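J.: Residue strings, one per chain:
Protein chains: 2
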Amino acid sequence: MQGKIINYFLNFKIPKMTQYAENENTSIPLGKEGLIAKISEGARSLNSETVFSIGDDAAVCDFSQSGKTIVSSDIFAEGIHFDLTYTPLKHLGYKVVIAGISDIYAMNAKPVQITVSLAVSNKVMQAHILEFYEGVHAACKEYNTDLIGGDLTTSKKGISIAVTAIGRAQEDELVYRSGAKPTDLICVTGDLGGAYMGLQLLEREKTIFNSNPEAQPELSGYDYILKRQLKPECPADLRDYFKKKDIKPTSMTDISNGLASEILSLCNASKMGCEIFQERIPVAEDTAKMAKEFNIDPVIAALNGGEDYELLFTIKLSDYEKIKNNDMFSVIGSVNALDKGRNIVMKDGSIITLEPSVNNQNFQNVQ
Amino acid sequence: MQGKIINYFLNFKIPKMTQYAENENTSIPLGKEGLIAKISEGARSLNSETVFSIGDDAAVCDFSQSGKTIVSSDIFAEGIHFDLTYTPLKHLGYKVVIAGISDIYAMNAKPVQITVSLAVSNKVMQAHILEFYEGVHAACKEYNTDLIGGDLTTSKKGISIAVTAIGRAQEDELVYRSGAKPTDLICVTGDLGGAYMGLQLLEREKTIFNSNPEAQPELSGYDYILKRQLKPECPADLRDYFKKKDIKPTSMTDISNGLASEILSLCNASKMGCEIFQERIPVAEDTAKMAKEFNIDPVIAALNGGEDYELLFTIKLSDYEKIKNNDMFSVIGSVNALDKGRNIVMKDGSIITLEPSVNNQNFQNVQ
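Heads up: the sequence lines are chains B and V, in that order.
Residue 833 in the numbering used here sits at position 179 of the first sequence, with consecutive numbering throughout.
Residue 1009 in the numbering used here sits at position 355 of the second sequence, with consecutive numbering throughout.
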């Protein structure tokens, strides 16, 4: 499945990507309204919440039967959150939707709608804008989310993207960051650090490419980490799993920054401490392999990398029996009283205090 | 009132503004989370729809008793939509909220919530970010709208701002662009072209300032058009007026681009033609005076300028008796069958075909 998606969807050609910055004489033959009409052709309105979608001053929605409505906004800037040298616009479109709905899943809610706005310099051609929205449509389809609006405008330089994701949940389903209690188990879905190692690989190949634009990137065999970076997914099934097992997490957030920052964010909101075990932090084999090649400790990639879009949550210790053989998430530690600190127990038994990544402190973070 | 607002709020000092681009060694002492906490102190949650505001992965809202929910997103880029040389950040914050909720009023709905996201280069200081959100809070307060979220991140260069406004309306109140019928009266609130002439004035003073940074701008006596450009407002009372008079517009949109583009947009959506009378297009005295100084026909400023944030709507001819002495809006023409074209009757009796402004065709438009 993974390989298939990459072959079909990645179409990974670094040289092609640089055209975005070189083309000085572009135009939008369809005009703004024509372009919006073209984009809206690919938009779906399958959720009953969507009454009127793209095509007027605003979208019209009906949440009267939908319990609580969850709203989250993100903004992404070229050169900070993405690099068009190696990020095909279709992937970028896919990824910003994932980043948006990830915040909805982080509340234990279900995404239903999204708006995606784009400010592009006039170096970007109409075909590229449509390519971007193809990726948006693909992610919306995958996660049953309606594209209900957005904006399309010019920028002086570079691309800015803004996303507002809207979801629904019953009040008693909602999970905030603030509910963790001592002895709760700390869990993460999937595996971590892959997106970060994919980024390192792409950055390395970009450097080689920049010094010799004829060189083809060395990417074969790195499918998994490339997919983690260029076509991330959300653990959408977790919500159903909780329902089936009759579990309600006590706190939850998504792992869009590094695991360290996210754990601290849960601990801060819950006013708790924690103990994490290094050896339990899930890292995929391909991630570890790449980390070794770069001389990076894979755990550092998991703790300080970003963009994994997995979920971090806590559940009551008494729920352990229900979850112990699951294959969706790992228990990586437990919640402590605040005065016990926020620590990682390393494999050698040493204890390290959890710190937010330097990047996050300066809010230069990815996502 | 107008003069008072300017004295209190504008604080118009061009030299001060250029500091944004000159300061290379800025920092965010509060950190991202501290800054968000500081911003959220100024945020209000007065509408019953807001259950949980800033501080988690997403906001939680309750629209179960609110009829239909209206959603609109906008994105703004430095150098295209605003120029920090002469736009104080507080004003910018105010203005992007107005631009956002203007789309909600354009559906004949009431704004209730907004998210405002900001991507700023590290040349922008913490104090400037807080200033921007002061303006956001001021507009939210003025229009009884809750700031429920947003994003704060870095950009490579310049500022990008994204806004998602959320409103409510009963289904039978909603007005789309598409309902205009022949003989309907075409109306606009307030007056037009003022924001555009304010922009021309500021651009002129910027040129003088750039050639001689010691020169103080010549802005006295131009309060009205400066306010139109730097602190626009929405005709929020129109909705109540319609209710009181038992009028339902047949179509409506906001005038964020020039009047010409917006009329064409209504006509296209409604598949109609129209006849507009030049002499009925409302232009304020100060706007006309400035236009004369610039050798611009004031009607051109109204037709092709932008950012007036007035409302353009059509009502049934049979409602004319109800509205004829109103002081909120002007009747500027009427709807025709499609085959009669979209025309302006000039003062001298000549007829001109309505065209979208060149800017809008290339979507370089302001808003």
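Just so you know, these hints were derived from the structure itself, not from any lab.
The model shown is predicted, which means the values in this text are computed figures rather than measured ones.
Misleading hints may appear alongside valid ones.
Because identical chains share one entry, a pair is satisfied inside a single copy or across any pair of copies.
[What the hints assert, rightly or not] Straight-line C-alpha distance at most 30 angstroms; calculated BS3-like pairs for lysine-lysine: (1) K686 / K994; (2) K810 / K686; (3) K835 / K899; (4) K811 / K976; (5) K1001 / K795; (6) K810 / K860; (7) K835 / K777; (8) K943 / K811; (9) K978 / K811; (10) K946 / K692; (11) K777 / K946; (12) K692 / K994; (13) K810 / K777; (14) K692 / K976; (15) K899 / K777; (16) K860 / K970; (17) K925 / K692; (18) K946 / K835; (19) K835 / K970; (20) K1001 / K978; (21) K692 / K835; (22) K835 / K686; (23) K946 / K976; (24) K925 / K686; (25) K692 / K898; (26) K978 / K686.
J.: Which earlier hints can't be squared with this structure?
T.: 4, 5, 7, 8, 9, 10, 11, 14, 15, 16, 18, 23, 25 and 26
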